[in-house]
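In terms of my numbering, the first sequence has 238 at position 236, counting the first letter as 1, and numbering is strictly consecutive.
Simulated from the structure, these hints should not be mistaken for lab results.
Among these hints, one or two may not hold up.
[To be verified] No farther apart than 30 Å at their CA atoms in a straight line, the calculated lysine-lysine pairs in the DSSO-like style are these:
no.: 1; residue 1: Lys377; residue 2: Lys415
no.: 2; residue 1: Lys300; residue 2: Lys371
no.: 3; residue 1: Lys300; residue 2: Lys415
no.: 4; residue 1: Lys87; residue 2: Lys300
no.: 5; residue 1: Lys358; residue 2: Lys300
no.: 6; residue 1: Lys31; residue 2: Lys87
no.: 7; residue 1: Lys164; residue 2: Lys119
no.: 8; residue 1: Lys164; residue 2: Lys508
no.: 9; residue 1: Lys415; residue 2: Lys370
no.: 10; residue 1: Lys370; residue 2: Lys251
no.: 11; residue 1: Lys371; residue 2: Lys358
no.: 12; residue 1: Lys251; residue 2: Lys415
no.: 13; residue 1: Lys370; residue 2: Lys358
no.: 14; residue 1: Lys370; residue 2: Lys300
no.: 15; residue 1: Lys119; residue 2: Lys31
no.: 16; residue 1: Lys251; residue 2: Lys300
[Said to hold, decoys possible] DEER-style ranges, computed between Cβ atoms:
no.: 17; residue 1: Glu55; residue 2: Gly327; range: 33 to 43 Å
no.: 18; residue 1: Asp309; residue 2: Val49; range: 44 to 54 Å
no.: 19; residue 1: Ala331; residue 2: Asn233; range: 48 to 58 Å
no.: 20; residue 1: Glu384; residue 2: Glu169; range: 29 to 39 Å
no.: 21; residue 1: Glu55; residue 2: Ala193; range: 16 to 26 Å
Note that this is a predicted model, so its numbers are computed, not measured.
Backbone N, C-alpha and C fix where the C-beta goes; we use that ideal spot for every residue, glycine too.
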Amino acid sequence: MTTENSAAENAATPPTDDLPEQLRIRREKRERLLAQGTEAYPVGVPVTHAITEVRATYGHLEAGQETDDVVGVAGRVVFIRIGGKLCFVTLQDGEGNRLQGMLSLAALGEEALAAFKTDVDLGDHLFLHGRVGASRRGELSIFADEWRMAAKALRPLPVLHKDLSEEARVRQRYVDLIARPAARDMVRLRAGVVRSLRENFHRRSFLEVETPMLQTIASGASARPFSTHMNAYDLELFLRIAPEIFLKKAVVGGVEKVFEINRNFRNEGADSSHSPEFAMLEAYEAYGDYNTIGALTKDLVQTAAQDVLGTTLVTLPDGSEYELGGEWANLRMYDSLSESLGEEITSDTSVEELEKIAGRLDVEVGNKKILNHGKLVETLWEHRVGDHLSAPTFVRDFPVETSPLTRDHRSEKGQVEKWDLYIRGFELATGYSELVDPVVQRQRFEAQARMAAAGDDEAMLLDEDFLTAMEFAMPPSGGMGMGIDRLLMALTGQGIRETILFPLVKPQA
RNA sequence: GCGCCAUUAGCUCAAUUGGCAGAGCAGCUGACUCUUAAUCAGCGGGUUCUAGGUUCAAGUCCUAGAUGGCGCACCA
């Protein structure tokens, strides 16, 4: 260790006089352990069994039944009961599995029992050695003949019988994970979902790739990027807003079934369904289209639900249920909007007419300068139809202006072959028949550039190397993107910050 | 970005009209060999988010700021 590190450590440990009582007392206990020659943070403890192993092997013991089997177990102290000649302690593992220890004067001796009473607190990691048995009340227990501190906690645990405040949960997720079962479950559920997605793709012979996070042009979606600077090349770089451009380059190069699960960054608002960094799945399938990729997406979601929940019937926090299984509804954007308005809306409906309808319905349409047919249709559709969707629904065939990377519809003029998947009213995924004609793609980028010039700061940027790649010919393909965090939201009914282990929080003053 | 609400002990929360800052858990001391949110007796613990202001007196009222939640706008 360098002297600098030592200085930093000392600076991080303020004089004990200034600490709140409970922190000061725990530091004093640590000092006392050290003074007695006992380590507060030993390099290890002789664990022979995990808590789950003890439960699995001895769970059948009946009240009062004891064995001669000796084990060494460790866990975090989540309950402690100090008595005269008999003490109880409950150890918990990372998954929330618990096991009781009983520490008696007879088995431990006077000195060790007294030390346990004074030195062990809620929150400590504790090692117990002793015989396995069941208490008179039937609780599976270790009858300890030895205890050791495995790691001393210097801060008290929060009350375990009440949830932490929402702020404390995200600021100190490590405490939340100790205290709240739902927080522990989310971590494991998320890992299970990502695993299910990967295994599903592998079964289908998709290759997983990793494409750049740092990009010279942030393209592939309509969003404002984070920017940064690379010193070595003196270059302005952007954190990616989507992997789309690079994944399509991979398809051009012959990686014909490809997917990526990784982070996107968007420099926009944060709320219960938006995080500045979020996990995204994108997949491309050569010789597929938006129909085949829609079927794939449905299977990914339903299989993930089955794999992690054992059912496609999701139970939400308020106790209500939501069915992800079976067939999903299909709506066409123009048809469903027309039906809702009671008047025909087509790709020929003029901007003036759409503005009139928006005005009549009191729908805010945003910056007039950058309004076009597509934005108006989508805004109207969201208010009239999208906001009322609940059951899983594919919304199909979007206006061309807002989808610069999607191919023209095979039969509907002015529309593109794109769907959005709505689950519980929010957009979970999107899918395209990919635009692969490099000449049309260039025209689409030019139209985006005109929108940018008119003041649309989310218009998509032209990527010359992407167009060059397209000129080498990309096979006809279907592509999809799905928010992993949002999939977790759909499967649990929780907000996005609960699905992310360590969401971004503003520093406190 | 705009609006509304909140911020009090380690944690979760009270505090009437502006009038001595409280409870439960947690902590400390003592009792207890079957507790499991133990029980009993006693004791500590506060920059009431921050900075100003009004007032004899401010957790409470006013102004500004910080952080969080909700709604709206934007976005996925």
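Status of the hints after comparison with the structure:
Restraint check for Lys377 and Lys415: satisfied, since their Cα atoms lie roughly 17 Å apart, inside the 30 Å limit. Of the supplied pair hints, the one linking Lys300 and Lys371 is violated, its CA atoms being roughly 38 Å apart against a limit of 30 Å. Note on Lys300 and Lys415: the hinted pairing holds, with a Cα-Cα distance of about 27 Å set against a maximum of 30 Å. At most 30 Å may separate the alpha-carbon atoms for a hinted pair to count; Lys87 and Lys300 exceed this at roughly 61 Å.
For the hint pairing Lys358 with Lys300, the CA-to-CA distance comes to about 37 Å; that exceeds 30 Å, so the pair is violated. A hinted pair counts as satisfied when its Cα atoms are at most 30 Å apart, and Lys31 with Lys87 qualifies at roughly 22 Å. In summary, the hint linking Lys164 to Lys119 is supported, as the alpha carbons are separated by about 26 Å, within the 30 Å threshold. For the suggested pair Lys164 and Lys508, the alpha carbons sit about 25 Å apart, so the restraint of at most 30 Å is met.
Using a Cα cut-off of 30 Å, the hinted pair Lys415 and Lys370 holds, with the two alpha carbons roughly 25 Å apart. A distance of roughly 35 Å separates the Cα atoms of Lys370 and Lys251; the hinted pair therefore is violated under the 30 Å criterion. Restraint check for Lys371 and Lys358: the C-alpha separation of about 16 Å stays at or below 30 Å, so the hint holds. A C-alpha spacing of about 28 Å is found between Lys251 and Lys415, which places the hinted pair at or below 30 Å, so the restraint holds.
Under the criterion of a C-alpha separation no larger than 30 Å, the hint pairing Lys370 with Lys358 is consistent with the structure, at around 13 Å. Note on Lys370 and Lys300: the hinted pairing is violated, with a Cα-Cα distance of about 37 Å set against a maximum of 30 Å. For a cut-off of 30 Å, the pair hint linking Lys119 to Lys31 stands: about 11 Å separates their Cα positions. Under the criterion of a C-alpha separation no larger than 30 Å, the hint pairing Lys251 with Lys300 is consistent with the structure, at around 25 Å.
Glu55 and Gly327 have their C-beta atoms about 36 Å apart, which keeps the hinted 33 to 43 Å range intact. The beta-carbon spacing between Asp309 and Val49, approximately 31 Å, falls outside the hinted interval of 44 to 54 Å. Look at Ala331 against Asn233: about 52 Å separates their beta carbons, and that is inside 48 to 58 Å. In this structure the supplied range 29 to 39 Å holds for Glu384 paired with Glu169, their Cβ-Cβ distance being about 31 Å.
Separated by about 22 Å at the C-beta atoms, Glu55 and Ala193 satisfy the suggested range of 16 to 26 Å.
When the structure is compared with the earlier hints, violations turn up for hints 2, 4, 5, 10, 14, 18 and for no others.
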